[in-house]
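Novice: Single-letter residue listing:
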Amino acid sequence: DVKVTQSSRYLVKRTGEKVFLECVQDMDHENMFWYRQDPGLGLRLIYFSYDVKMKEKGDIPEGYSVSREKKERFSLILESASTNQTSMYLCASSPGGSSLHFGNGTRLTVT
Amino acid sequence: RKEVEQDPGPFNVPEGATVAFNCTYSNSASQSFFWYRQDCRKEPKLLMSVYSSGNEDGRFTAQLNRASQYISLLIRDSKLSDSATYLCVVNYYSGGYQKVTFGTGTKLQVIP
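Heads up: the protein sequence lines correspond to chains A and B, in order. FYI, my numbering numbers position 84 of the first sequence as 84, with every residue one higher than the one before it. FYI, my numbering numbers position 53 of the second sequence as 53, with every residue one higher than the one before it.
Possibly wrong hints are sitting among the right ones.
[Unchecked claim] Within a straight-line C-alpha distance of at most 25 Å, the following computed PhoX-like cross-link-like pairs (lysine-lysine) qualify:
hint, chain 1, residue 1, chain 2, residue 2
1, B, 42, A, 3
2, B, 42, A, 13
3, B, 45, B, 107
4, B, 99, A, 53
5, B, 45, A, 3
6, A, 70, A, 53
7, A, 55, A, 70
8, A, 71, A, 18
9, B, 107, A, 57
10, A, 53, A, 71
11, A, 71, A, 3
12, A, 70, A, 57
13, B, 45, B, 99
14, A, 57, A, 18
15, B, 42, B, 99
16, B, 99, A, 55
17, B, 99, A, 70
18, A, 3, A, 55
19, B, 99, A, 3
20, A, 71, B, 2
21, B, 99, A, 71
22, A, 70, A, 3
23, B, 99, A, 57
24, A, 71, A, 55
25, B, 42, B, 79
26, B, 2, B, 45
27, A, 18, A, 70
28, B, 2, A, 57
Honestly, the hints are just simulated from the structure, not real lab data.
So that you can see chain A by itself, here it is in the shape it has in the complex (with noise of 0.2 Å):
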């Protein structure tokens, strides 16, 4: 079963600070996901990469920034908290033309 792990299941940030979401998946897979979901606006993608050290933008990039250093592991960083990026964010990945495997989601929260 592939397994998709994110740091942490609820994080309090101050606005301002420098927040890193942390993502590993064991099923070495090509592509991994951020997205953000908040009520009425669905699923939004952020960043995604499609290679170690390769990135492409999403829908919702600004204020945002991701790091792929390896294969399994794939970061998003929140460069100044702000309360408009209160939200849940869910990693997934996936092998390429295929469906997703989620992570249980980082529910973010800026005050």
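Chain A is already provided as a structure; the job is to place chain B on it using the hints.
Specialist: Using the frame of chain A, we list chain B on its own:
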């Protein structure tokens, strides 16, 4: 126009009923299609892929209509445990990589 559109619901149906959801997509080059299920405060999980010829998995039937650009999910004999949000997902390739688009989901509530 959104790339993938779903009726948000909620669909409130009695146990044992048959319920169907549709999902329309705008990109005619879309190549693969899926239905996911998401329980409250949980991550989405794959329910089933959608194949051109239609496919069935127990009480669930998925269909694809490429000409009209929609996919559907039919649930027969609804159970209380089917209560969840159902997300449709559309994939296509752009610039050599997979682009995945989610609908906003349709909420189903099965009532006793």
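Novice: Confirm or reject each hint.
Specialist: Structure-based check of all given hints:
no.	hint	verdict
1	B/42 with A/3	holds, 15 Å
2	B/42 with A/13	holds, 22 Å
3	B/45 with B/107	holds, 15 Å
4	B/99 with A/53	holds, 18 Å
5	B/45 with A/3	holds, 12 Å
6	A/70 with A/53	holds, 8 Å
7	A/55 with A/70	holds, 12 Å
8	A/71 with A/18	holds, 23 Å
9	B/107 with A/57	violated, 29 Å
10	A/53 with A/71	holds, 9 Å
11	A/71 with A/3	holds, 14 Å
12	A/70 with A/57	holds, 19 Å
13	B/45 with B/99	holds, 18 Å
14	A/57 with A/18	holds, 20 Å
15	B/42 with B/99	holds, 23 Å
16	B/99 with A/55	holds, 13 Å
17	B/99 with A/70	holds, 21 Å
18	A/3 with A/55	holds, 21 Å
19	B/99 with A/3	holds, 22 Å
20	A/71 with B/2	violated, 32 Å
21	B/99 with A/71	holds, 19 Å
22	A/70 with A/3	holds, 16 Å
23	B/99 with A/57	holds, 11 Å
24	A/71 with A/55	holds, 12 Å
25	B/42 with B/79	holds, 19 Å
26	B/2 with B/45	holds, 23 Å
27	A/18 with A/70	holds, 21 Å
28	B/2 with A/57	holds, 18 Å
Going through the hint list in order, the structure does not satisfy hints 9 and 20.
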